[in-house]
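Protein chains: 2
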Amino acid sequence: MISSTANAQVKDVVALRKKPKVRREKGLFLVEGKKMFEEVPRERLVKTFVSESFLKTPENRELLGQIRYETVSDAVFSYMADTQTPQGILAEVKQMEWTLADLFRAEAPRLVILETLQDPGNLGTILRAAEGAGISGILMNMDTVDIYSPKVIRSTMGAIYRIPFFYAPDFREALQTVKRRGVRLYAAHLAAERCYEEEDYTKASGFLIGNEGNGLTDATAVLADAYIKIPMEGKVESLNAAVAASVLMFEAARQRRQKKKQK
Amino acid sequence: MISSTANAQVKDVVALRKKPKVRREKGLFLVEGKKMFEEVPRERLVKTFVSESFLKTPENRELLGQIRYETVSDAVFSYMADTQTPQGILAEVKQMEWTLADLFRAEAPRLVILETLQDPGNLGTILRAAEGAGISGILMNMDTVDIYSPKVIRSTMGAIYRIPFFYAPDFREALQTVKRRGVRLYAAHLAAERCYEEEDYTKASGFLIGNEGNGLTDATAVLADAYIKIPMEGKVESLNAAVAASVLMFEAARQRRQKKKQK
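Residue numbers (my numbering), protein chains in the order written: chain A, 1 to 263; chain B, 1001 to 1263.
Bear in mind the hints are in silico, worked out from the structure with no lab data behind them. Careful, some of the hints might be misleading.
Unchecked claim - Below, computed lysine to aspartate or glutamate pairings styled on DMTMM-like, alpha-carbon distance capped at 25 angstroms:
| # | chain 1 | residue 1 | chain 2 | residue 2 |
| --- | --- | --- | --- | --- |
| 1 | B | LYS1235 | A | GLU59 |
| 2 | B | LYS1263 | B | GLU1070 |
| 3 | A | LYS34 | B | GLU1107 |
| 4 | A | LYS26 | A | ASP170 |
| 5 | A | LYS260 | B | GLU1070 |
| 6 | B | LYS1235 | A | GLU97 |
| 7 | B | LYS1263 | A | GLU97 |
| 8 | A | LYS94 | A | ASP82 |
| 9 | A | LYS259 | B | ASP1200 |
| 10 | B | LYS1263 | A | GLU233 |
| 11 | B | LYS1260 | A | GLU59 |
| 12 | A | LYS151 | B | GLU1233 |
| 13 | A | LYS203 | A | ASP225 |
| 14 | B | LYS1018 | B | ASP1102 |
| 15 | A | LYS229 | A | ASP119 |
| 16 | B | LYS1203 | A | ASP225 |
| 17 | B | LYS1034 | A | GLU212 |
| 18 | B | LYS1151 | A | ASP82 |
| 19 | A | LYS229 | B | GLU1199 |
| 20 | B | LYS1261 | A | GLU237 |
| 21 | A | LYS47 | A | GLU62 |
| 22 | B | LYS1261 | A | GLU59 |
| 23 | A | LYS259 | B | GLU1070 |
| 24 | B | LYS1011 | B | GLU1070 |
| 25 | B | LYS1259 | A | GLU198 |
| 26 | B | LYS1035 | A | GLU62 |
| 27 | A | LYS35 | B | GLU1233 |
| 28 | B | LYS1026 | B | GLU1212 |
| 29 | B | LYS1151 | A | GLU198 |
| 30 | B | LYS1034 | A | GLU62 |
| 31 | A | LYS151 | A | GLU38 |
| 32 | B | LYS1151 | A | GLU212 |
| 33 | B | LYS1260 | A | GLU199 |
| 34 | B | LYS1261 | A | GLU199 |
| 35 | B | LYS1018 | B | GLU1212 |
| 36 | A | LYS261 | B | GLU1199 |
Since this is a predicted model, take the numbers as computed values, not measurements.
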C-alpha cells in the first residue's frame, strides 16, 4: 500500500491533475469517482488507484472486477484527488484521439464550435448537453480551456468518452474546412435581426459560441453564414455560454424531430 | 482606513459571506465586483467597502459617486472577498422582500419551481436565464441552496435584483396555491411520453425542476399536471439542471413569440 505523498506514482497523479502540459505530454488524463470510472472504455484504462476505505465495501470491490489496482492510504488518496469528498477511486486514462474528420461522421453534421471558452464547468456542461442533443462533434480553438481538466471531466458525466471533439491548431483554417464540407455556420449575436428559431437546423449546421466575457472575435464572427439572436427580456445582456449553446442545440434537435414526424 | 482583519466590520462581512444564518438574521447579503455593485438598487445599499488600490483609478472613484464608503487595505480586502482576484469593491445589501403573490404579476405567469437545488452556480445561472426568457418568478422549497450565497449572486449577473423569487416554508401548500391560480405544472421526467415541445406554454405554466442528483421527490412530482421529457440521444441520462430549465424556459418564450406573430 502507498502511504506517502512522496511516492513517485502519487506525484505523477498530482501533476496530471494540475498541469495541462503534463497531461498533453503523457497523453493521459485523470478520472475520479465510481460513475466516471465505470464508464471508462476499458482499452483506455492505464492505471487505477483506490483508497483503503474504498476496498472495505464489497460493492466497490465488485466494481473493480479483474482490474489491477494500487491501494493508497485514505490520507494520500485525499491528497491525490481533486474533489473535496473523494469517492476513493481514480484512474489514469489515455486521451481520446479524434481527428477533425471524426466530427463529420453524421449525415447532416451538427457541430458546436467554441472559441476561447474559459470555464471548465461550462465546457463539461456543453459536452453533456451536446451528447443529449445529438451533436456530431465539438470543435475548439487552442485557447479554449483544457477538456481534460478534472472539472471538465466531472461535468461531462461521461460524455467525454463518447462525443468527438477536436482542438484546431489553426482555428480559421478548420472553420474554412467545416464550411467547405457544407456546414452552415451560425453565430449567436445580440445585434442579430433573426431569432434563432427562424433558421433551419435540420441541414448541416454549426453553432459558434464565444468566450464568456467577450463573445466571439471579429475574425471568427465574420466567417459565420448567418447571425442569430436569442431574444432577451428584462435587462439581461447575455446568457451563460452553456445555456446559450444548449438552447440552440435543443432547438436543432426539436426541428429534426418535427421534420421526422412530417415525413 | 481599516487595516486589521480583527476589525468588527470586517468580521461582519466575513460572517455574511460564509453563513446563511447570519445573512437571514440580518436580512443582508454581500455583493462583489464593479458590475454587480453598479446594479444594486440604491435604496438597498447598506454599506460599501473598497480596497486601497481600487481608489487609485479615477474611473473607480467615479463609480462610487456620492456614496459613502469604507477604505480597507488590499490584504484585508482579499480576506473579506469571496473571489480569488477581487475587483476591490464589495457592499452589504438589503435582501429582497418578494411574496408568493409577486410571482403572479404577469398576465399568464410563467414560473420556475425548484426543489432542493443544491449547486449555487446552477441557481444563479437559472435566475439569469429566467430573466432573459421572461419568467415571472422563481418558487423554491426551503432545502434549495441559499439564493444570497456569494456564488449564486455572481452567477445571476444582476438578475437577483430583478426577478421575483420566494422560498416557500410549506412547499406543498405553495404548489397548491400555484395550481389554484390556474398555473399548469410541468415536471420534466425521463420516463414521460410527451416531448416538451408538444405542450402549450403560452398559457400560465410552471416548470418543476428537481435536485441535481435525485430529481423531483414523488410527493412533488405527483402534483404535476403533466410529465414532459426532453428527448436524449447518446447515453446521456440527464441534463444539468440549469440546462434543462433553460431549454424549457426558452421553448416557452419561443412559443409566445410564435403566437404573437400569428395574431
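> Broken hints, numbered, in rising order?
Replying inline: Checked against the structure, the hints that fail are numbers 2, 3, 5, 7, 11, 14, 16, 22, 23, 26, 28, 29, 30, while the rest are satisfied.
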